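Counting with this note's numbering, you get residues 24 to 151 for the letters of the sequence shown.
Read the hints as simulated data drawn from the structure, not as lab findings. In this text, all values refer to a predicted model and were calculated from it rather than measured experimentally. Don't be surprised by glycine CBs; every beta carbon is placed ideally from N, CA and C. Incorrect hints may appear among the rest.
Said to hold, decoys possible - Calculated cross-link-like contacts (lysine-lysine; reagent style PhoX-like; alpha-carbon spacing at most 25 angstroms):
#1 Lys106 / Lys88
#2 Lys39 / Lys60
#3 Lys125 / Lys39
#4 Lys44 / Lys106
#5 Lys45 / Lys63
#6 Lys105 / Lys62
#7 Lys125 / Lys88
#8 Lys45 / Lys125
#9 Lys30 / Lys49
#10 Lys60 / Lys106
#11 Lys62 / Lys106
#12 Lys52 / Lys39
#13 Lys118 / Lys52
#14 Lys88 / Lys63
#15 Lys88 / Lys52
#16 Lys63 / Lys52
#17 Lys52 / Lys125
#18 Lys105 / Lys39
#19 Lys45 / Lys55
#20 Lys30 / Lys52
#21 Lys106 / Lys55
What the hints assert, rightly or not - Ranges of calculated distance between the beta carbons of each label pair, as one might list FRET restraints:
#22 Ile87 / Met57: 19 to 27 angstroms
#23 Ile65 / Gln96: 24 to 32 angstroms
#24 Ser122 / Lys60: 42 to 50 angstroms
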Amino acid sequence: MRKTNNKNTRLEEIVKQQEIKKEILKISKLFKDMDPKIKKSIQSVIDNAAFMAVTLRELQEYLIKNGLTVEYQNGENQFGVKKSPEIEIYLTMSKNFVSTMKAVTDLLPKEIANKIKDDGFDDFVNNR
């Protein structure tokens with residue numbers, strides 16, 4: 024998550040923008056049959072959801088490599104361990120992402136929304 028080299032930073036920004044664009048396309052596919060006026064009005068929400076999805080993946084990678092906690096020192100003899108700032112950001116952003124995606128999917132026609140929410144469990148149970 025922490026940037027060091029300008030050249031690497033620029034490359035990382037380009038890669039992140041490409042990932043966000045892919046995510047926007049993925050989410051937008053859900054709305055391909057939606058009224059264009061409504062779709063246009065929620066485009067910024069789709070863009071934000073895509074940004075959050077990509078950033079959450081980055082944070083997951085960071086947390087896997089670096090752990091969920093950090094050591095700290097307050098004063099000469101006071102040491103301890105606390106949640107890392109990245110886990111706090113991750114938790115907040117994941118809640119916001121879930122809320123955003125729920126708000127977006129609630130705009131879908133019911134038959135499409137039901138297909139997305141259907142995890143196949145009912146079919147599995149009914150076909151036994």
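Structure-based check of all given hints:
no.	hint	in the structure
1	Lys106 / Lys88	15 angstroms, holds
2	Lys39 / Lys60	28 angstroms, violated
3	Lys125 / Lys39	24 angstroms, holds
4	Lys44 / Lys106	31 angstroms, violated
5	Lys45 / Lys63	18 angstroms, holds
6	Lys105 / Lys62	43 angstroms, violated
7	Lys125 / Lys88	30 angstroms, violated
8	Lys45 / Lys125	20 angstroms, holds
9	Lys30 / Lys49	29 angstroms, violated
10	Lys60 / Lys106	43 angstroms, violated
11	Lys62 / Lys106	39 angstroms, violated
12	Lys52 / Lys39	20 angstroms, holds
13	Lys118 / Lys52	23 angstroms, holds
14	Lys88 / Lys63	39 angstroms, violated
15	Lys88 / Lys52	33 angstroms, violated
16	Lys63 / Lys52	13 angstroms, holds
17	Lys52 / Lys125	16 angstroms, holds
18	Lys105 / Lys39	29 angstroms, violated
19	Lys45 / Lys55	15 angstroms, holds
20	Lys30 / Lys52	34 angstroms, violated
21	Lys106 / Lys55	41 angstroms, violated
22	Ile87 / Met57: 19 to 27 angstroms	36 angstroms, violated
23	Ile65 / Gln96: 24 to 32 angstroms	47 angstroms, violated
24	Ser122 / Lys60: 42 to 50 angstroms	24 angstroms, violated
Violated hints, listed in ascending order, are 2, 4, 6, 7, 9, 10, 11, 14, 15, 18, 20, 21, 22, 23, 24; each of the other numbered hints is respected by the structure.
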